[in-house]
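Trainee: Next come the chains, spelled out residue by residue.
There are 2 protein chains.
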Amino acid sequence: METDRLDSRKMAILNAIIRNYLETGEPVGSRTISKFTDLSLSSATIRNEMADLEELGYLVQPHTSAGRIPSDKGYRLYVDKMMEEKVEEVNNMKEVLDQKADRIENLLKKVAKLLAVNTNYASMITTPKYRSRKLKFIQLTNVDDEHLLAIIFLEGNIPKNKVIEADHRYEESVLLKLNIVLNSLLQDLDLEEINMNIIQKIKEQAGEDSALIGRVLDAIAEAIREEDNIEVYTSGATNILNYPELSGDDSARKLLYTLEDKQELAELVDDKLSSVDSEHKRTKGDIQVYIGNETPIDSMKNCSVVTATYEIEEGVYGKVGIIGPKRMDYDKVVGTLKTLMTQLDEIFRKK
Amino acid sequence: METDRLDSRKMAILNAIIRNYLETGEPVGSRTISKFTDLSLSSATIRNEMADLEELGYLVQPHTSAGRIPSDKGYRLYVDKMMEEKVEEVNNMKEVLDQKADRIENLLKKVAKLLAVNTNYASMITTPKYRSRKLKFIQLTNVDDEHLLAIIFLEGNIPKNKVIEADHRYEESVLLKLNIVLNSLLQDLDLEEINMNIIQKIKEQAGEDSALIGRVLDAIAEAIREEDNIEVYTSGATNILNYPELSGDDSARKLLYTLEDKQELAELVDDKLSSVDSEHKRTKGDIQVYIGNETPIDSMKNCSVVTATYEIEEGVYGKVGIIGPKRMDYDKVVGTLKTLMTQLDEIFRKK
DNA sequence: GTTAGCACTCAAGTAAATAGAGTGCTAACA
DNA sequence: TGTTAGCACTCTATTTACTTGAGTGCTAAC
Numbered sequence: 000m001e002t003d004r005l006d007s008r009k010m011a012i013l014n015a016i017i018r019n020y021l022e023t024g025e026p027v028g029s030r031t032i033s034k035f036t037d038l039s040l041s042s043a044t045i046r047n048e049m050a051d052l053e054e055l056g057y058l059v060q061p062h063t064s065a066g067r068i069p070s071d072k073g074y075r076l077y078v079d080k081m082m083e084e085k086v087e088e089v090n091n092m093k094e095v096l097d098q099k100a101d102r103i104e105n106l107l108k109k110v111a112k113l114l115a116v117n118t119n120y121a122s123m124i125t126t127p128k129y130r131s132r133k134l135k136f137i138q139l140t141n142v143d144d145e146h147l148l149a150i151i152f153l154e155g156n157i158p159k160n161k162v163i164e165a166d167h168r169y170e171e172s173v174l175l176k177l178n179i180v181l182n183s184l185l186q187d188l189d190l191e192e193i194n195m196n197i198i199q200k201i202k203e204q205a206g207e208d209s210a211l212i213g214r215v216l217d218a219i220a221e222a223i224r225e226e227d228n229i230e231v232y233t234s235g236a237t238n239i240l241n242y243p244e245l246s247g248d249d250s251a252r253k254l255l256y257t258l259e260d261k262q263e264l265a266e267l268v269d270d271k272l273s274s275v276d277s278e279h280k281r282t283k284g285d286i287q288v289y290i291g292n293e294t295p296i297d298s299m300k301n302c303s304v305v306t307a308t309y310e311i312e313e314g315v316y317g318k319v320g321i322i323g324p325k326r327m328d329y330d331k332v333v334g335t336l337k338t339l340m341t342q343l344d345e346i347f348r349k350k
Numbered sequence: 000m001e002t003d004r005l006d007s008r009k010m011a012i013l014n015a016i017i018r019n020y021l022e023t024g025e026p027v028g029s030r031t032i033s034k035f036t037d038l039s040l041s042s043a044t045i046r047n048e049m050a051d052l053e054e055l056g057y058l059v060q061p062h063t064s065a066g067r068i069p070s071d072k073g074y075r076l077y078v079d080k081m082m083e084e085k086v087e088e089v090n091n092m093k094e095v096l097d098q099k100a101d102r103i104e105n106l107l108k109k110v111a112k113l114l115a116v117n118t119n120y121a122s123m124i125t126t127p128k129y130r131s132r133k134l135k136f137i138q139l140t141n142v143d144d145e146h147l148l149a150i151i152f153l154e155g156n157i158p159k160n161k162v163i164e165a166d167h168r169y170e171e172s173v174l175l176k177l178n179i180v181l182n183s184l185l186q187d188l189d190l191e192e193i194n195m196n197i198i199q200k201i202k203e204q205a206g207e208d209s210a211l212i213g214r215v216l217d218a219i220a221e222a223i224r225e226e227d228n229i230e231v232y233t234s235g236a237t238n239i240l241n242y243p244e245l246s247g248d249d250s251a252r253k254l255l256y257t258l259e260d261k262q263e264l265a266e267l268v269d270d271k272l273s274s275v276d277s278e279h280k281r282t283k284g285d286i287q288v289y290i291g292n293e294t295p296i297d298s299m300k301n302c303s304v305v306t307a308t309y310e311i312e313e314g315v316y317g318k319v320g321i322i323g324p325k326r327m328d329y330d331k332v333v334g335t336l337k338t339l340m341t342q343l344d345e346i347f348r349k350k
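Residue numbers (numbering that gives the first Met the number 0), protein chains in the order written: chain A, 0 to 350; chain B, 0 to 350.
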């Protein structure tokens, strides 16, 4: 693969062609390059070089008498070797910083929107994923004669509420006892570690109130599962419609469809994006760029996807990505994501 | 307005035209009707009647030599007088019933999706709106040396958690005292009723811990405000792209845009849909039908919107709506919404 | 190795021709 | 007076042929 080394002139020409195409979206002709660059070569010479570049697979001709456009391989080379990252401001980032986003999901939604507005492409962001959730602390409280409230603290200081049906009102002293039993036996365990053995022990110690224990454990399981569920927020999906190369065929339609169904999208991103990552590490800094067919998600095969991984605390991370046409402004997108990453970092460290 | 009473034959013809147009989406010609109906009239006669109906404003001709299509006024008459509600099954409704939707927002999301899948149009549903939220019960608990947890129960048995920063660990006995003070003074008050007078009283009784009170009150305010915020969930927005009359011009694009920005959509639905309701009560049972320009939301002026109001408990209600092309299957949509309403009713009563 | 020049290709736009669905109107009929 | 047959007319949509222009590949000369 690496046999086809390009001499510096070919590189310069390819670079010029891609840059021009990214700007205009029109196939680029030899004359344009001849004038556009300071190589001072005639169009005929450029034509020869272009023919070579096409043979090498970096360029493609939509039809015989049109100019050239970059192939996926061409884009790849551009991203790997020619791109000049711009340092991009993320506009209005202060706003996000300012509003105290106590709920992380609100923060994530804001970030997605910001990215979409700044880039004019579509964006998505997942909730952070914990390796596994452990129970830190549980407390039962009376609500009324028929309901108890279980406050469940998971690793990462996430409090969850679960209302539990009760057949009668429990004495405060009984609840105190139950709370102690539950915490002493369950603390720092995750779902897999709570086995029948432990459950039996709890029931024994609970004595006559063991009927309640089943429901409490259900509540815990539910809380942990809920928090394990990755969610995805998207923004600017409709921006996709602005790019004729996508809205022409029904790529855009399929893409919108994928972006709309958050449930499915979450699975896709979790399964596919993560697994491909390790496989071919086409990485630029901490940023991954998937061009066209490199993307593991079918409905994005006519697009490019740029993703980054944010870390909210040691080992707890999520993905953020931008989806646009293959001729997206890679320089800008990568730059934007990079500054976003550092800014997010600041927010999370501060917390 | 009510001067132009239509004789029964005109009604029959108009009915036939609209039904045919709803099915095919193509302008309807006189010959079609002549054969399609059992009126046994020649096409020429139908033509005369059609000319009359056009003059009266019920039909419209896209261009001279095309058939007729219904005007908004025509649709209106159809919906008010001619529609035969079908009793529509809502497929897979059991699924929703089955899964215990402990969080209402999950239930609402499911419902939206169900509607979209069943009808092939776009759907939206708002979270229920309380007139005002009162505080039922608050409890402070220790988390660790630097944090307290405030569990805040609002009217409607909605528990909310707020983590509060603390400068030191509080004794259990102190917390107990604070809890009693807070509850005795704040119970059953809403935001407006918590005034400086009351706040002063609490601080007096809290004594040396009054510093904490400010933060607790902030937490309460936040919890109430959060719950007051109406949210909207949508589904099937991309279905809109299936209707050429919308995706032709950029109605669909604008509509998708509106449906994507939940924040803005929530405001629109809250402001506009509710206010128009009382104004011109174009109601069919409990269902409102907005045809074309009747819709108060700009980006939906080329569509029809059918909404219903669900009640989750006495005085607490939300809106659910379906957005489709003007030539939507009103019979089906209205039927679907009606059965949905009764089914939702069952769910909420049972709770 | 570079360049000028020329014949060739192909998409896109323009213009004219055709087909077909549907109308409005008139005149005749019951 | 209401209904119908018939015919000329209108307008869109589709097809076909023609033209334009950008861009190429190749050859021959520098």
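Hints were generated in silico from the structure; no laboratory data involved. There's no promise every hint is true.
Identical copies look the same in the list; a pair holds intra-copy or inter-copy alike.
Derived pair list, reagent style DSSO-like, types lysine-lysine, alpha-carbon separation capped at 30 Å [stated by the list, open to error]:
1) K202 to K72
2) K159 to K253
3) K176 to K34
4) K109 to K128
5) K331 to K261
6) K331 to K176
7) K128 to K337
8) K135 to K200
9) K109 to K85
10) K85 to K300
11) K72 to K176
12) K300 to K261
13) K271 to K300
14) K108 to K271
15) K253 to K72
Trainee: At most 30 Å between CA atoms: does that hold for K253 and K72 within a copy, between copies, both, or neither?
Mentor: This pair counts as within: shortest intra-copy Cα distance 24 Å, inter-copy 36 Å.
Trainee: Is it within, between, both or neither when you check K271 against K300 at 30 Å Cα-Cα?
Mentor: Within one copy only: 13 Å inside a chain, 40 Å across chains, cut-off 30 Å.
Trainee: Up to 30 Å between alpha-carbons, please classify K72 paired with K176: within, between, both or neither.
Mentor: Classified as neither: same-chain Cα gap 67 Å, cross-chain 70 Å, threshold 30 Å.
Trainee: Classify it for me, K108 with K271: is the Cα-Cα distance of at most 30 Å met within a copy, between copies, both or neither?
Mentor: both (22 Å within a copy, 25 Å between copies)
Trainee: If the cut is 30 Å between Cα atoms, do K135 and K200 qualify within a copy, between copies, both or neither?
Mentor: within (19 Å within a copy, 36 Å between copies)
Trainee: With identical chains, the pair K109 and K85 could be close in the same copy or across copies; at 30 Å between alpha carbons, which is it: within, between, both, or neither?
Mentor: within (23 Å within a copy, 43 Å between copies)
Trainee: With identical chains treated as interchangeable, where does the CA-CA distance between K300 and K261 reach 30 Å or less: within a copy, between copies, both, or neither?
Mentor: Both. Shortest intra-copy (19 Å) and inter-copy (28 Å) distances satisfy the 30 Å Cα cut-off.
Trainee: If the cutoff is 30 Å on CA atoms, where do K176 and K34 land: within, between, both or neither? Let me know, please.
Mentor: So K176 and K34 fail the 30 Å test inside a copy (84 Å) and across (82 Å) alike.
Trainee: How do K159 and K253 come out at 30 Å by Cα distance, when the copy is not named: within, between, both, or neither?
Mentor: Classified as neither: same-chain Cα gap 36 Å, cross-chain 38 Å, threshold 30 Å.
Trainee: How would you label the pair K331, K176 (within, between, both, or neither) given a Cα cut-off of 30 Å?
Mentor: neither (59 Å within a copy, 57 Å between copies)
Trainee: When no copy is named, should K202 and K72 be tagged within, between, both, or neither for a Cα gap of at most 30 Å?
Mentor: Classified as neither: same-chain Cα gap 63 Å, cross-chain 69 Å, threshold 30 Å.
Trainee: How do K109 and K128 come out at 30 Å by Cα distance, when the copy is not named: within, between, both, or neither?
Mentor: Answer is both; intra-copy 19 Å and inter-copy 24 Å each pass.
In summary, the numbered hints that this structure violates are 1, 2, 3, 6 and 11.
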